[in-house]
Amino acid sequence: MTRCKNIQIEPPLLPLTGEVFQYKSAITANDARLDVGATGVWSPNVKSLCDIRVFNSLAPSNASLSVEDALRKHEQEKIRAYGERVLQVEKYAFSPLIFSTNGVMGPNAERFYAQVARLISLKTKQSYSDSIRYIRQRLSFSLLKTIIVSRRGFRGTKVTRVTEETDYNLLYMTRFNTDNF
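Take the position in the sequence shown, starting the count at 1, then add 1282; the result is the number in the numbering used here.
These aren't lab readings, by the way, just hints derived from the structure by calculation.
Errors might be hidden in some of the hints.
Unchecked claim - Lysine-lysine pairs mimicking DSS-like chemistry, simulated, CA-CA at most 30 Å apart:
#1 K1329 to K1427
#2 K1405 to K1373
#3 K1329 to K1373
#4 K1287 to K1373
#5 K1329 to K1306
#6 K1407 to K1287
#7 K1306 to K1407
#8 K1355 to K1373
#9 K1355 to K1329
#10 K1405 to K1427
#11 K1306 to K1373
#12 K1329 to K1407
#13 K1329 to K1405
#14 K1287 to K1329
#15 K1287 to K1427
#16 K1355 to K1407
#17 K1355 to K1306
Claimed, not checked - Simulated restraints, written as ranges between beta carbons of each label pair:
#18 V1302 to S1422: 38 to 48 Å
#19 N1312 to R1415: 33 to 43 Å
#20 Q1408 to V1302: 45 to 55 Å
#21 R1418 to T1310: 27 to 37 Å
#22 N1288 to E1392: 20 to 30 Å
All values reported here derive from a predicted model rather than from experimental measurement.
Every residue gets a Cβ at the ideal spot worked out from N, C-alpha and C, and that includes glycine.
Make a model of the complete structure from these sequences and hints.
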């Protein structure tokens, strides 16, 4: 049964060794990263790398474009930035996942999510329509959260990095600093 493996968040790209790319906007930094990587999305042993962009279709830079043209523009920017490097250096598949804040997906994102829904339906023995509905619901809430955070800012609790000096009391789910003892 086909399933995605080796799912990574922000997988690093290989350092360049003198490669020259067609577009000047290509990302050439040795510490470059993409947003998500997974093996088995398009075929069983092929790794796919994805870069995600959510844009506001009502922003001044996009206001003069139709939503379809804005999706195409942002998708082309991602392809020019990462596509050639991922295909030639990494030897992986590349999928730019572009979304507007009102929930419209770019063509590559639609194909990607259709494939993921197909894989989920095969694995869980559920119908394709149930799988794609579940994905779209999750995506809608993620986009809504992105919009809210971008409009009002993040108001959650401060994330604390675990260090050697930090200890956790799992019984009461509290944190205390071991330097005080």
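Hints, one by one, checked against the model:
1. K1329 to K1427: The hint holds at about 28 Å.
2. K1405 to K1373: holds, 27 Å
3. K1329 to K1373: Given that 30 Å is the threshold and the Cα spacing comes to 9 Å, the pair holds.
4. K1287 to K1373: holds, 17 Å
5. K1329 to K1306: Measuring from Cα to Cα gives roughly 26 Å; hence the hint holds.
6. K1407 to K1287: Holds: K1407 and K1287 sit about 19 Å apart, inside 30 Å.
7. K1306 to K1407: Violated: K1306 and K1407 sit about 46 Å apart, past 30 Å.
8. K1355 to K1373: holds, 25 Å
9. K1355 to K1329: holds, 25 Å
10. K1405 to K1427: Roughly 28 Å separates the two Cα atoms, so the pair holds.
11. K1306 to K1373: Holds. K1306 to K1373 sits at ~20 Å (cutoff 30 Å).
12. K1329 to K1407: Status holds; Cα separation ~24 Å.
13. K1329 to K1405: holds, 19 Å
14. K1287 to K1329: holds, 9 Å
15. K1287 to K1427: Holds - the C-alpha atoms of K1427 and K1287 are around 27 Å apart, at most 30 Å.
16. K1355 to K1407: violated, 37 Å
17. K1355 to K1306: Answer holds: K1355 to K1306 is near 16 Å, not above 30 Å.
18. V1302 to S1422: 38 to 48 Å: Roughly 41 Å apart at Cβ, these two residues keep to the hinted range, so it holds.
19. N1312 to R1415: 33 to 43 Å: holds, 41 Å
20. Q1408 to V1302: 45 to 55 Å: holds, 47 Å
21. R1418 to T1310: 27 to 37 Å: holds, 36 Å
22. N1288 to E1392: 20 to 30 Å: holds, 24 Å
Hint check: violations occur at hints 7 and 16; the rest are consistent with the structure.
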